[in-house]
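Residues per chain, in single letters:
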Amino acid sequence: MISILRSMWLTFLHVFHKTETVEYPEVKPYLAPRYRGRIVLTRDEEKNERCVACYLCAAACPVDCIALQAAEGENGRRYPEFFRINFSRCIFCGFCEEACPTYAIQLIPDFEMAEYDRQNMVYEKQHLLISGEGKYHGYNFYKNAGVDMGVKGKGEGHNEEKPVDLKELLP
Amino acid sequence: MSLEVNMVKIRIDGKYFEAKPEKNLLETCLSIGIDIPHFCFHPALGSVGACRLCAVKKFRDKDDTKGRIVMSCMEPVTEGLMISVEDPEVKAFRTSVLESLMTNHPHDCPVCDEGGECHLQDMTVMTGHNYRRYDFPKRTYNNQELGPFINHEMNRCIQCYRCVRFYRDYAGGKDLNVFASRNHVYFGRHEDGTLENEFSGNLVEVCPTGVFTDKTLKKHFTRKWDLTNAPSVCVHCSVGCNTIVSERYGSIRRIMSRYNGAVNGYFICDRGRFGYEFLNDEKRIKSVQIRSKKADSLQIIENEQLFTSLNNSELNSKKIVGIGSPRASLESNFALMSLVGKENFYHGISEREYSLTKTISGFFQHSGALIASLKQIEKADAILVLGEDLTNTAPMIALAIRQAARNVPNQEAKKKGIQLWNDAPVRELAQDSKSPVFIATLFKDSLDDVAEVTFHSSSEDIANLGFDIVSGLNNITTDSKTGKKDHQELAGKIAQILKNAKNPLIISGISSGDKAILHAAINIVTSLESVGSGVMMSMVLPDCNSMGLALLPGKSFQDLFILEESHRIDALIVLENDLYRRADEESVNKLFEKCDRVVVLDQLMNKTTQKADILLPAATFAESEGTIVNNEGRAQRFYKAVGNKTQVQESWRWIGELISNRDNNQTDKWNLLDDITESMAIELPLFSKLRKYSPDADFRMLNMKMPRQTIRYSGRTAINANISVSEAKLPQDPDSPLAFSMEGQNENPPSSMVPFYWTPGWNSVQAMYNYLDELDGRMKGGDPGLRLFEQSTGSKRDSLEYNNQKSEVRKNELKIVPVYQIFGSEELSAVSPSIIERIHEPFVFLNPKDSEFFHLSDEESVILEILNIKLNVKVKIENSIVPGQAGLSVNLPGMPYVDIPGTGKFHKL
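First to last, the sequence lines map onto chains A and H.
Counting along the first sequence from 1, when you hit position 85 you're at 82 in this note's numbering, and nothing is skipped either side.
Counting along the second sequence from 1, when you hit position 438 you're at 1625 in this note's numbering, and nothing is skipped either side.
No lab work stands behind these hints, which were simulated from the structure alone.
Take the hints with a grain of salt, since some may be wrong.
Unchecked claim - Listed below are the simulated EDC-like cross-link pairs for lysine to aspartate or glutamate, each with C-alpha atoms no more than 20 Å apart in a straight line:
1. H:Lys1405 - A:Glu69
2. H:Lys1406 - A:Glu71
3. H:Lys1325 - A:Glu153
4. H:Lys1253 - H:Asp1200
5. H:Lys1832 - H:Asp1850
6. H:Lys1245 - H:Glu1262
7. A:Lys164 - H:Glu1332
8. A:Lys164 - H:Asp1379
9. A:Lys151 - H:Asp1379
10. H:Lys1325 - A:Glu71
11. H:Lys1406 - A:Glu46
12. A:Lys140 - H:Asp1322
13. A:Lys151 - H:Glu1273
14. H:Lys1529 - H:Asp1850
15. H:Lys1406 - A:Glu69
16. H:Lys1406 - A:Glu153
17. H:Lys1325 - A:Glu69
18. H:Lys1631 - H:Glu1615
19. A:Lys149 - A:Glu17
Please build the complete structure, drawing on both the sequences and the hints.
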């Protein structure tokens, strides 16, 4: 009897406590920027695709839900001809982001991806590609790599000497 | 083998091993399975000690605890040698060497095509260099445009010199070299331009970094770990090099060489490597097509409709004809023979090719002569090439001869105590000295630079030279066929050298189309055998399965042309063969007119498929399983790399279904590949061993099929997600013990079915070391392939008749001989875009004297008339072709069939 009354009293006291329930979806929860949610493909500061189709995200993916095909654009610049993520398989582990050498693939704080039809969980490149740089600003792979794919010439990159003059005879 | 060699005992890190003293320490360790990082050493190229990476510690004796650092690739193996690979000091040394090699390496692995199968990546991981300390500017280079096959990215170079050593020293190329000095050395051409050597594609595998990469792969790039691979056999010439064919998303991405110690070793030619693009061509036939009336166009139908529309009486008819093909597998040809019956089976090759091939196959079958494999060619100490332009008809044989030319100087080096792996001093000692190689051809060949004597003359003279050599060998001096003193002297010299050699080799073939040359070559072999020489022979045939087809009963299909007008054929079945490439247009047209129904099985649309009433999509080597027999009579099996279910299927399976349908059998005649090899073994005793040479379809390792994919194969749950998010069942392959999967055991597969090379720590092609008994030796479990012809001694043979007749050439006419081209003369590879860039326009080689006589200048277009066929060709002035004889490029795309050698005349445009 006493325990019942005690329980009722304690329950009654909760009326004056701060509510913990968030009125989702009317109120959105705060998610840290490093939250691992929906995957996007970003662009560099010149609005070009950052992805160079190196296949490292696909190789790192433990559920093998990323498939892509490399193609070559102007000046041999690599880009993905198609880039497909099957989110119905994705476990949001973030390995793809860790593997990405160009900051192209990023996981963002968005988890609202529910669908009635599982087929709609398959995202193609046009669904993944955003227009900004995402979480990491100011990095352009082609300015740091030793290749000339139309972004900078040979020897113009970060910490590079001018191309060797083969006719030079000086020791 | 091991019994003959004195083995020595060496100690590596406290463990004792037996080793061969003629090998160097690095080879020995790699053969044992001890990983020593290295760059510049390649088993085919030997050691030069350039990269300093393969350092190990060597101890003087048991009491020596300090030891000293030596380069294992430059260290001979001696009795009691004591070394340490794991010593901390030497490990640190290797790491620091790698660190300095990496100081200038660009930060571009993500866009480098070598990434994932890179020797440099492997070595970096193996040495443990994982943090970049050097923070100063990197040296950069400009790249060169090296043609349709090879991409150049010079920044990635680590200066190991493997490329020039392969290209110049091994393959005899002239246009790749090293330029500049000190830390500026540059590997490339003197200016932008196509790499001319026929083996340039091997740079892709030889280069340990991404400096030279496959340009055709670049267009549809896929990482090694994502490819579905299958062991295959090259179909672009008769040598039968082993290859690995790789697929992704349903299309073929590249061809790599697959090691076979008896055949191609580490390398393949550019036609084999880059000819694969025809597989993805839009001319591919992918569906069953049918026309109900001759006037209609072809309509695509379903498989089931095919059997209702095919009239069974046609297939049951006695007037049915099957035409086989030298580029279809043994199984497919056999299936067709079973369908139409032996008496109605015709070999789909020209009369000339038929009789010459039969001469060779007959000789091989009954003579017991020693037929040289490519590896044995490399061991020959005197070589005579009679009338075959090897670089263009069998490039890998030319490469093997290039190595054989070093045998005599190598013996000299051995006498001087220089080990053969010690590449620099061996070459320094040899200078320009070579083994005796004699090349008698109709015109120059890029192999000529290794020849002691080249003899460019008319086909009659070449045959006569051959017969004079026979006379010389038999010590008959009176009966000279050439009638020219200098020719006779040369013949005598060659005869003497061949007689004195331990393992002389006679190479000929049928590309010259001359029976006399072939007979001369065979007679030389017979004569040499009778004097007790260990003579070897090798004969070049035109197509990948020419030998296999020749071993089946059948007639030349030109016999069909002489049937009388009234003779009708109820059904003509053409197997993977463009008849317009085998006989002249008029005769083939007439043949088709005689047929009520034409069934064609093929892979690419061509003139013959346009005549088909029923067109069946035949699988290529990449989509099917089967066996082909190479020029030495080695039966080799290829496996499919594409598993997607389409209407395309193996020709033997199509024909099997036709047979079951005809006989109203509920079950297919041949369910599996094993069933048809079984039938073949029963019917043709020659092929009785075929069934056992490669594992059955139910062979399992650890109760599982063997994987075609690497363990890191990616995208399984996304590849087909655009079609349906529900994952489909994996493609099945009931015919072989290989699965379209990454699951299963891939360690030590049977040597005939290595789908890809990978062992822990070795992602690059160098992983192949772990599949070999010893470097440069046999594969574990023996080299793949089944030799159909046994060598036997003591069988007595009569020599073939002298049948050399001078062909009559009228005034204003020339004798026209065929000129084969490595790029273009082979039907399938000539469809590949990269090969097309290397194909010449149809041309005619003309001696300057003849060009003066006919008032023709170099590069002039002219009409050449041969047997009423007019060809538009370009004149090429060529000094090496004799006056009175002209060489016409043959089988180039768009050229009609011409029956040459023959006579022809020019008409000015």
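Right, here's what the structure says about each hint:
1. H:Lys1405 - A:Glu69: 8 Å, holds
2. H:Lys1406 - A:Glu71: Holds. H:Lys1406 to A:Glu71 sits at ~13 Å (cutoff 20 Å).
3. H:Lys1325 - A:Glu153: 11 Å, holds
4. H:Lys1253 - H:Asp1200: 14 Å, holds
5. H:Lys1832 - H:Asp1850: 26 Å, violated
6. H:Lys1245 - H:Glu1262: The given pair, whose Cα atoms are some 10 Å apart, holds under the 20 Å limit.
7. A:Lys164 - H:Glu1332: 18 Å, holds
8. A:Lys164 - H:Asp1379: Since the Cα atoms of A:Lys164 and H:Asp1379 sit roughly 15 Å apart, the hinted pair holds (cutoff 20 Å).
9. A:Lys151 - H:Asp1379: 17 Å, holds
10. H:Lys1325 - A:Glu71: Cα-Cα ~26 Å, so violated.
11. H:Lys1406 - A:Glu46: 19 Å, holds
12. A:Lys140 - H:Asp1322: 16 Å, holds
13. A:Lys151 - H:Glu1273: Answer violated: A:Lys151 to H:Glu1273 is near 40 Å, above 20 Å.
14. H:Lys1529 - H:Asp1850: 18 Å, holds
15. H:Lys1406 - A:Glu69: Satisfied, since the Cα-Cα distance of roughly 7 Å is no more than 20 Å.
16. H:Lys1406 - A:Glu153: 26 Å, violated
17. H:Lys1325 - A:Glu69: 26 Å, violated
18. H:Lys1631 - H:Glu1615: 28 Å, violated
19. A:Lys149 - A:Glu17: 54 Å, violated
Checked against the numbered hints given earlier, the structure breaks hints 5, 10, 13, 16, 17, 18, 19 and satisfies all the rest.
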